[in-house]
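Take the sequences, apply the hints, and build the full model.
Each number in the working numbering comes from the position in the sequence shown (counting from 1) with 241 added on.
Careful: at least some of the hints might be erroneous.
SDA-like, lysine to any residue: derived pairs with alpha carbons at most 20 Å apart [as the list claims (entries may be wrong)]:
1. Lys318 to Ile279
2. Lys318 to Ile287
3. Lys318 to Asn261
4. Lys273 to Ala255
5. Lys273 to Arg297
Here are the simulated distance ranges between beta carbons [to be verified]:
6. Gly302 to Ser257: 29 to 39 Å
7. Gly269 to His313: 16 to 26 Å
8. Asn312 to Pro271: 13 to 23 Å
9. Ala300 to His256: 28 to 38 Å
10. Val322 to Ala255: 26 to 36 Å
These aren't lab readings, by the way, just hints derived from the structure by calculation.
For glycine and all other residues, C-beta sits at the position ideal for the given N, C-alpha and C.
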Amino acid sequence: NPFKLSTDIYYSLAHSGLVNLKVYDVSGRPVKTLSSGIKASGHYAITWDGRDDLGRAVATGVYFIRMEAGNHTATRKLIRVR
242 NPFKLSTDIY
252 YSLAHSGLVN
262 LKVYDVSGRP
272 VKTLSSGIKA
282 SGHYAITWDG
292 RDDLGRAVAT
302 GVYFIRMEAG
312 NHTATRKLIR
322 VR
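And the structure:
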């Protein structure tokens with residue numbers, strides 16, 4: 242799922258609970274926290290604008306988005322292009 246400026250991330254929760262949604266670079270360093278807190282069950286959409294936690298545009302390349310919710314963890318690859 243290559244993206245230029247921003248990308249939308251969709252996820253669903255069967256139960257309410259703590260959700261951590263973060264973007265990491267290929268070295269495993271955290272780049273951006275997209276969500277961290279208690280969420281109700283339901284469907285969610287969040288947009289990553291291709292910027293880090295300090296507001297700087299990230300370089301082109303491969304990134305990973307990791308979601309932790311309860312006992313569930315999921316990781317997906319994102320590719321930032323020019």
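Exercise. Regarding the pair Lys318 and Ile287, is the alpha-carbon distance no greater than 20 Å?
Worked result: holds, 16 Å
For this session: Sort out whether Ile279 lies within 20 Å of Lys318, counting only the CA atoms.
Result: violated, 24 Å
Exercise. Can the suggested window of 28 to 38 Å be confirmed for the beta-carbon pair Ala300 and His256?
Worked result: Because 37 Å falls inside the window, the suggested range holds.
For this session: Could you see if the CB distance from Asn312 to Pro271 stays within 13 to 23 Å?
Result: Holds, at about 21 Å.
For this session: Starting from Lys273, check that the Cα of Ala255 is at most 20 Å away, please.
Result: Distance of about 25 Å is beyond 20 Å: violated.
For this session: Confirm or reject the claim that Val322 and Ala255 have a C-beta distance inside 26 to 36 Å.
Result: holds, 34 Å
Exercise. Taking only the CA atoms, is the gap from Lys273 to Arg297 under or equal to 20 Å?
Worked result: holds, 10 Å
Exercise. Honestly, do Gly269 and His313 meet the 16 to 26 Å range at C-beta?
Worked result: holds, 20 Å
Exercise. Lying within 29 to 39 Å: is that true of the beta-carbon distance Gly302 to Ser257?
Worked result: The hinted range 29 to 39 Å holds for Gly302 and Ser257, with Cβ atoms some 35 Å apart.
Exercise. Quick one, are Lys318 and Asn261 close enough, alpha carbons at most 20 Å?
Worked result: holds, 16 Å
Comparing the model with each earlier hint shows violations of hints 1, 4; every other hint is respected.
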